[in-house]
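*Asks:* One-letter residues, chain by chain:
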Amino acid sequence: MIEDIRTLSAQYAADPASLVFLRLGEALRQRGQVDAALKVALQGLGRYPHLPDAHDLYARILTDRHDYATAFDEWDTALRHAPHHIGAHKGIGFLYYRAGEREQALYHLRIAASLDPDDLGLRHAVERVGGGAEIWDMPMPDAPPPREASAAAAGPSSAAVPNPADPFAGMDGGHDRLLLVDADGLRLGGGLAAPDGRNVSDEAAALLAATTREAARAARLLELGGWAHLTLEGEALSACLLMPSPETSLLAAMDTALPAGQLTYFADRAAKAARAWLERVQ
Amino acid sequence: MTSQFQAMLDGLTRLRGVRGALVVSLEDGLVVAESVMGGLKGGALAAIGATLAGRAVELSGRGGFGRPRFLHLQGDDGALLVAPGHDLALVALAGRDVPIGMLRLEMLRTAERLG
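Line by line, the protein sequences are chains A and B.
Mapping of the first sequence onto the numbering used here: position 21 corresponds to residue 34, and the numbering continues sequentially without gaps.
Mapping of the second sequence onto the numbering used here: position 7 corresponds to residue 481, and the numbering continues sequentially without gaps.
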């Protein structure tokens with residue numbers, strides 16, 4: 014039931030430091046007054062930057078505005094503050110499902126369902142994503158990277174056998190979304206394709222090394238400490254650049270519509286694979 | 475025009491953890507307008523932000539990413555954020571533990587008004 018917005022607005026006006034902004038923001042959102050809801054949520058976050066419910070509210074509003082990348086970050090922040098936050102698990106589960114990442118969607122939705130077993134809608138969502146009611150007979154996975162876990166469980170396969178020539182063997186995007194270069198910009202592995210399918214690996218390789226050098230220089234001059242990554246959000250593709258080792262640069266690219274958190278996760282996994290490959294070949 | 479930019483930048487630096495925000499010319503890396511905390515050198519931040527944006531524009535072009543909308547350089551102790559436009563870029567420096575999602579949204583909104 015949508016709460017009375019006038020009453021909530023009056024309460025909020027009387028005491029702007031109270032937590033009534035959470036109820037007011039949600040009521041406005043449910044009424045479709047998304048801009049007003051956003052304003053209330055941002056004011057609340059300004060006052061309570063470490064409140065998981067405030068990040069959850071903000072993320073729901075961002076989802077209404079189709080800003081899924083930022084919504085993912087906000088739910089991720091909520092989970093860092095409160096690992097058992099039901100709304101954040103539901104939200105991240107929804108975003109993973111939307112992105113076609115079924116296993117990770119299921120992981121988060123099942124955690125949410127275990128925290129709120131009376132939510133029938135959530136149970137139905139788990140069954141829909143999991144392929145039926147039998148999903149409840151399956152044990153909960155221990156950790157969210159299910160692709161790695163399932164690859165390991167599948168036993169020896171071409172993907173599990175290290176390919177000395179290919180650092181990203183068996184990884185999604187290993188030939189068109191991941192690029193590893195040395196300090197001179199020479200391609201060591203992977204490849205990059207433009208959205209129109211053109212192979213742009215060699216063109217991007219030289220610039221990749223130069224861009225990571227520039228990022229390292231910027232971090233040093235601005236005293237940002239060790240730099241973790243540079244993300245570049247383009248109109249069609251987004252890329253995450255990092256250095257798996259002091260002499261190499263890695264670019265991981267994804268559709269811009271996918272959550273930013275998913276891109277950095279993808280890049281981190283690729284960096285691990287690149288480090289393991291470098292240890293083997295050097 | 476500069477006073478209009480100033481109001482936009484002041485709005486950004488009011489956000490928690492933002493140490494400085496600038497409008498920068500992409501062509502030469504010079505400051506067009508700035509709102510920075512004491513101790514932070516606006517000129518240096520502008521030059522660094524513009525150089526990094528230039529590299530990103532070039533990489534985006536070669537990689538077919540489309541026009542870059544936002545750059546985020548994350549370090550252990552803070553982040554450099556750049557929203558490049560056509561001739562100008564919005565550059566911000568944030569401290570540690572700043573919610574980047576919110577700042578990104580505000581910067582993209584502000585950058586739209588840069589034209």
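Note that these hints are calculated values from the structure, not bench results.
Among the clues, some could well be false.
A short, non-exhaustive set of chain B residues, derived as facing chain A with CB atoms under 8 Å [said to hold, decoys possible]: (1) Gly485; (2) Thr487; (3) Leu504; (4) Ala518; (5) Glu532; (6) Arg536; (7) Gln548; (8) Asp550; (9) Leu579; (10) Arg583; (11) Thr584; (12) Arg587; (13) Leu588.
Since the structure is predicted, the reported quantities are computational estimates derived from the model, not experimental observations.
Cβ atoms here follow ideal geometry from the backbone N, Cα and C, with glycine treated the same way.
*Asks:* Where does the structure disagree with the numbered hints, that is, which hint numbers, in rising order?
*Replies:* 1, 2, 3, 10, 11, 12, 13
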